[in-house]
Amino acid sequence: MSRLELRHVRKAFGGLDVLADISLSVGAGEFVSILGPSGAGKSTLFQLLTGAEHGEGEMLFDGAPLDDHGRHFAFMPQRDALMPWRRILDNATLGLEVQGMRRQAARARVAPLFAEFGLAGFERHFPAQLSGGMRQRAALLRTVVQQRDMLLLDEPFGALDALTRTAMQRWLEQMWRHHRWTALLITHDVREAVFLSDRIYVLSARPARIVREIKVPLPRPRSLGGDAARQASTLEAEILDIILNATPSKGHDHD
Amino acid sequence: MISVGLLLLAWELYATYSGIRPTTLPAPSRVFEQALLNRQALADNAIPTIGATLLGFACSLSAAFVLSMMVDFFQPLRRALFPVLIVSQTLPLVAIAPLVVLWFGFGLAPKIMLVALVTFFPMLVALVEGYESTEAEIGQMLRAMGAGRWRIFVLARLPSALPYFFAGLRISITYAVVGAIFAEYAGAAKGLGIYMLNAKNNFRPDLVLAAVGVSAALTLVLFGLTVLLQRLAMPWERAGKETAGKGAWR
Numbered sequence: 000m001s002r003l004e005l006r007h008v009r010k011a012f013g014g015l016d017v018l019a020d021i022s023l024s025v026g027a028g029e030f031v032s033i034l035g036p037s038g039a040g041k042s043t044l045f046q047l048l049t050g051a052e053h054g055e056g057e058m059l060f061d062g063a064p065l066d067d068h069g070r071h072f073a074f075m076p077q078r079d080a081l082m083p084w085r086r087i088l089d090n091a092t093l094g095l096e097v098q099g100m101r102r103q104a105a106r107a108r109v110a111p112l113f114a115e116f117g118l119a120g121f122e123r124h125f126p127a128q129l130s131g132g133m134r135q136r137a138a139l140l141r142t143v144v145q146q147r148d149m150l151l152l153d154e155p156f157g158a159l160d161a162l163t164r165t166a167m168q169r170w171l172e173q174m175w176r177h178h179r180w181t182a183l184l185i186t187h188d189v190r191e192a193v194f195l196s197d198r199i200y201v202l203s204a205r206p207a208r209i210v211r212e213i214k215v216p217l218p219r220p221r222s223l224g225g226d227a228a229r230q231a232s233t234l235e236a237e238i239l240d241i242i243l244n245a246t247p248s249k250g251h252d253h254d
Numbered sequence: 000m001i002s003v004g005l006l007l008l009a010w011e012l013y014a015t016y017s018g019i020r021p022t023t024l025p026a027p028s029r030v031f032e033q034a035l036l037n038r039q040a041l042a043d044n045a046i047p048t049i050g051a052t053l054l055g056f057a058c059s060l061s062a063a064f065v066l067s068m069m070v071d072f073f074q075p076l077r078r079a080l081f082p083v084l085i086v087s088q089t090l091p092l093v094a095i096a097p098l099v100v101l102w103f104g105f106g107l108a109p110k111i112m113l114v115a116l117v118t119f120f121p122m123l124v125a126l127v128e129g130y131e132s133t134e135a136e137i138g139q140m141l142r143a144m145g146a147g148r149w150r151i152f153v154l155a156r157l158p159s160a161l162p163y164f165f166a167g168l169r170i171s172i173t174y175a176v177v178g179a180i181f182a183e184y185a186g187a188a189k190g191l192g193i194y195m196l197n198a199k200n201n202f203r204p205d206l207v208l209a210a211v212g213v214s215a216a217l218t219l220v221l222f223g224l225t226v227l228l229q230r231l232a233m234p235w236e237r238a239g240k241e242t243a244g245k246g247a248w249r
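Protein sequence lines, in the order shown, are assigned to chains A and B. With numbering that gives the first Met the number 0 applied, the first sequence corresponds to residues 0 to 254, in that order. With numbering that gives the first Met the number 0 applied, the second sequence corresponds to residues 0 to 249, in that order.
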């Protein structure tokens, strides 16, 4: 029983094929990643889902065509997109306010979550006063409180330094185990995809096709040591091979 | 401050010891003395100038705000309007000011128009470019949340324009004072501009300079007010600077 289902989705920008043929599905409570080289058109896929762009092919949610865009998804963009002029609390309530909730009610809904997101005590701070990791957690908080059917995460940790990114991945995995969000993650980080996902779709370079669907059989909670970790690195090596072989002769392309 | 002090000192020494006549170049001390003696007249003439500056600026600001929104919602308007407006900025004030006075008389109207003429375009450009500085991802996120164009404008584009708005405000407010004085110079019953003209015609450069000093002080006060206003309107700017680099690693 898949919630989101894409069938042969294609998108071209003025003669340039960006998405060649994308078919995928995401089940309820499933964490799925789309893994591909940068510039492959991963973000374009989210633009189609959120209704910012229109493409060809079928996009279904719970079996019905996705026509009323934006109702099902809570979208977390690549950079945190926190509004510098709003305090963290008011950034977190943004989605609820847009939905028409009163500011006081929205604040009351969001405030109890600050501790879980490691942001307790920072409600009244401005984004510029927070570190990169905290900003990403605030952005995720703003995303999940919208209580949409599904999360769309567009390289949420791409702008963080390596240490912070690893810490955030562990934190997100733990959060996901508690909440079991239905989530679709875009990333070009193989390790991140393996660490977080139940399934991974591997994309080719542009024009993007799905070259492989991979189940990640690792037990949760995911760990960074022991047998599971060895299994994970074998899987990572395998996926890396697939990606590099799917993009012959242009391994160092600039796009 | 030190550089201004040194300049005044050099001026004072030159005016005192070179034997130049005070009707050509008065010493700063004399200018200051005369300013004190004529403070009533200076104040009487400064008030209409302040009035024209603020009223003209308020008109220009309101018009720029309304038009900037129209341009933001309807982009072709930009291509239609900007050439005309850019040409309006090339009009030499020396030629235009007497004409505007000729057409609209010695009252407040021509002053407001000239102040608006010099400040309107910088404010419009600042606002329009400010809206466009909105982070694309914030727009995409708001659309995904279900926000329409008006919501996106109010929630994201308007606040994004604030730094640009204040940069434009700081520049325009200084133009505004110059514009008002120019308009008065071309013809007025009262005002710093006409005061300067009369003082010059009476061979009183000390009083011309005293009026210049008043207009400079006026400009500085208005400039200071915009800086203060910006601090009040954008508290996050200072908050960000104070804690920059102090964040924990995660």
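Among the hints, a few may not be true.
FRET-style restraints, in silico, Cβ to Cβ [to be verified]:
{"hint": "1", "chain 1": "B", "residue 1": "A94", "chain 2": "A", "residue 2": "D160", "range": "56 to 62 Å"}
{"hint": "2", "chain 1": "B", "residue 1": "F72", "chain 2": "A", "residue 2": "R169", "range": "43 to 49 Å"}
{"hint": "3", "chain 1": "A", "residue 1": "R169", "chain 2": "B", "residue 2": "G147", "range": "48 to 54 Å"}
Please keep in mind that the hints were generated in silico from the structure rather than gathered at the bench. C-beta: ideal position from N, C-alpha, C; glycine also.
Hints, verified against the model:
no.: 1; hint: B:A94 with A:D160: 56 to 62 Å; in the structure: holds (60 Å)
no.: 2; hint: B:F72 with A:R169: 43 to 49 Å; in the structure: holds (45 Å)
no.: 3; hint: A:R169 with B:G147: 48 to 54 Å; in the structure: violated (38 Å)
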